[in-house]
Amino acid sequence: MVPMSTKLTRRQLAAALSTSAVLLAQAPAPLPSNPDEELKAAKDTIQQNSAQLAKFDLPMATEPAIHFKA
Amino acid sequence: MAASIPDDIFFASITEINQKLKAKEFSAVELAKAFCARLEQLGPRYNALALSLRDKAVKAAKEVDGDIKRERFRGPLQGIPFGAKDLLAYAKHPTTWGAKPYAGQVFDYDATVLKKLTKTGGILAGKLAMVELAGGPSYRYASASLTGPGLNPWDPTRWSGGSSSGSGIAVAAGLVTYALGSETSGSILTPAAFCGVTGLRPTYGLVSRHGAMALSWTLDKIGPLARSAEDCGLILHDIAGADPEDPASAGKSYYYAPQFARDLKEIKVGFAPVDFSEWADPAARPDFAKALETVRSLGVQMEETKLPDFPYGPTIGTIISSEASAIFEPLIQSGDVNQLADQKQIAGLKAGLEIPAKDYLKAMRIRSLIQEGLRTLLDDYDVLVAPSRLGPAPKITQPLDRPSSDRPLPKERGMTTLIAAGNLAGLPALSLPCGFADGMPIAIQLVGRPYSENLLLTLGKFFQERTDWHKRRPALQG
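Respectively, the protein sequence lines represent chains A and B.
61 is the number that my numbering gives to position 61 of the first sequence; each next residue is one higher, with no gaps.
452 is the number that my numbering gives to position 452 of the second sequence; each next residue is one higher, with no gaps.
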C-alpha cells in the first residue's frame, strides 16, 4: 500500500493557515499559592493548549512530524 | 601561576589564545590553572559552577603542552578552557541535571560532544550550572536550580537567563573561553542574550546529543555560547557530525568556512518592524533600531515579513510537556519529583502525564505544517532577523511567567514567536549582542534554513566587525 503523501500544495497550506486564530496574550491569573493550586493551574494550561490545538483544522493527509528531519 | 596570565586573556577569542599558546607566551597548564582558579573563585558568586574539574583540566593541559612542544597541532580549540552545561555526562563525575533528585548521579561514559572536544585538545574546566531538568515543561522562578538562581554578571540582581544559565554567566564573566549549552526552546538564545555573549543553536540533528539529558527527543539541541560568531563556528566545526549513538543524528558534518560565503548583496533578510518598534521593551528600541541598520549596512536586501499564523505556543508546549513527562515518568511516579525547587515545574511534570495521545499527535501534525510553512517562508528569505528577547534580563525575583510591564500588546504578531517556531522546525539560530537597555545587554537573533550555519555565522562575523557589543565586559563584583 502506498502511504498518503504529507506534501501539501501551497493552496492546502494557505487553507490550513487561514483557519488558525492569532493568539493574543491574555491577562495573567493570580499566582498559585500551594501545590494543589499549582497542579490545577498546570492542568488548566494543558486544557487551554488542547482547546487551541482543537481549533486548528488539519488536512486529513497531514502526518505527524515523527520522522523528524530539519 | 595565575599571575602570569594577563587579565585580557580571560576575555580573548579562541584564535587569539590558541596563537599565544603556540607562540609559548604561556603554557596550557598555566592557562588551565588560571581559568580554573577564576572559575572556582567567581563561579559560585554567580551560581554558575556545578563542579570544578581542576585536576582533570591540569592533567589534560599537560598533554596539550607536550603536543605543542612536539608541534602536534590539533586545531584552534587545542588548549582552550571551556565549560559544559551539567546535563552532559562526564564519566565518573556527578552529572546533576541541575536537579536535587539527581545530585548523586554518576555516569560511566562521556557525552559525545565532550569526547570530541577533548580529542582535539579542549580543556574541560568545569561543569556549569543550569535550570533544573533544563526547565522541564515550564518554571516560574530563576531559583529553579540545584545551585540557586543564575546571577547575571552585568547586574547580580538580575537573572542570567536559562536553562543554560551557568554557560551564559561563565562566558560573560571570563570564567571560560566558551561553554556548551543546550536548547529545547530558547535555552541557548536566552542566556546568550541576557548575558551579552554570542550563542548558536545548531540545526536539529547536526550535533550529537548522546550523553545529554533528554528533555524532548524531537526538540533538544546542543550548541555553543562564546565570545563571537567566529568562535561559535570554530566550536561547531569540532562538535558537529554523525553519531550512531544518537538516533536523531542527521549524519552530516560541518566545516566552518566563512571564506566561501555568498555575496551579501544576494542575501535576502526578512524582518517584522513591529518586533523592534512595538513589541520590544521601550528601553531596548534605540539599540535594536541601530542593530537593524547595521544589518542593512552589510549590503543585504532587507524586506518586511512575518511568520505564518500557527499556534506555536500551544504546539511546542504540548510537545515538550508530553515528551518531558514521559521521560521523567519514573521520577514523577516515585514522588521524588517533589524534591525539585520550582513548584510550577513539579506540577507541570505531573500534569503532563495526563496529556492525551490525540493532543500530542495533533501538535506533531501541526508541527508538520509549521515546518512546511517555514520552508515556504525561507524560500523567499535567506535569513530572518528578530530580537533574541524583547528586553533585558528580568530581576531574579520576578515570576518568569508574568509580563514585566502592563503595556498594551501590539495587534500584529510579527515574529515574536520565532524561538518556538525555529525550534519546532529545527532551524539554526545565532544570537548576537547588539546593545544595552537599562544597563543590561540585549541581542538580535538570525535564523536560517536547516544547515545554513555558515551563512548565519558569516553574517554574524560581519556584524561583529562593525560593532563591539560582543567585546564589552561586565564590571564583576568583588
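In case anyone wonders, no lab produced these hints; they're calculated from the structure.
Backbone N, C-alpha and C define an ideal beta-carbon position, used for all residues, glycine too.
Honestly, I wouldn't trust all of these hints.
To give an idea of the interface, some chain A residues facing chain B are shown, with a C-beta separation under 7 Å as derived from the structure [said to hold, decoys possible]:
(1) Pro30
(2) Ser33
(3) Glu38
(4) Ala42
(5) Lys43
(6) Ile46
(7) Gln47
(8) Asn49
(9) Leu53
(10) Phe56
(11) Leu58
(12) Met60
(13) Ala61
(14) Thr62
Cβ-Cβ distance ranges computed for the label pairs, FRET-style [to be verified]:
(15) A:Ala51 - B:Asn338: 27 to 33 Å
(16) A:Leu58 - B:Lys395: 51 to 57 Å
(17) B:Arg402 - A:Glu63: 33 to 39 Å
Checked hints:
1. Because the smallest distance between the Cβ of proline 30 of chain A and any Cβ of chain B comes to about 10 Å, over 7 Å, the interface hint for this residue is violated.
2. A least Cβ separation of about 10 Å between serine 33 of chain A and chain B goes past the 7 Å threshold, and the interface hint is therefore violated.
3. Interface restraint check: glutamate 38 of chain A against chain B, minimum CB-CB distance 4 Å, threshold 7 Å, status holds.
4. With its C-beta approaching chain B no nearer than about 4 Å, alanine 42 of chain A sits inside the 7 Å limit, and its interface hint holds.
5. About 5 Å separates the beta-carbon of lysine 43 of chain A from the nearest beta-carbon of chain B, less than 7 Å, and the hint is met.
6. The restraint placing isoleucine 46 of chain A at the interface with chain B holds, with a minimum CB-CB distance near 6 Å, inside the 7 Å limit.
7. Because the smallest distance between the Cβ of glutamine 47 of chain A and any Cβ of chain B comes to about 10 Å, over 7 Å, the interface hint for this residue is violated.
8. Interface restraint check for asparagine 49 of chain A: the shortest CB-CB distance to chain B comes to about 4 Å, inside 7 Å, so the restraint holds.
9. Satisfaction of the interface hint for leucine 53 of chain A is found here, the shortest Cβ-Cβ separation to chain B being roughly 5 Å, below the 7 Å cut-off.
10. About 6 Å separates the beta-carbon of phenylalanine 56 of chain A from the nearest beta-carbon of chain B, less than 7 Å, and the hint is met.
11. The beta carbon of leucine 58 of chain A comes within 5 Å of a beta carbon in chain B, closer than 7 Å, and the hint placing it at the interface holds.
12. For the restraint placing methionine 60 of chain A at the interface with chain B, the shortest Cβ-Cβ distance is roughly 10 Å, beyond the 7 Å limit, so the hint is violated.
13. A distance limit of 7 Å between C-beta atoms decides the matter here; for alanine 61 of chain A the minimum to chain B is near 10 Å, and the interface restraint is violated.
14. Against a cut-off of 7 Å between C-beta atoms, the interface hint on threonine 62 of chain A holds, since the closest Cβ of chain B lies about 5 Å away.
15. The beta-carbon spacing between alanine 51 of chain A and asparagine 338 of chain B, approximately 29 Å, falls within the hinted interval of 27 to 33 Å.
16. A beta carbon spacing of about 41 Å between leucine 58 of chain A and lysine 395 of chain B contradicts the range 51 to 57 Å that was offered as a hint.
17. The hinted window of 33 to 39 Å between arginine 402 of chain B and glutamate 63 of chain A holds, with their beta carbons roughly 37 Å apart.
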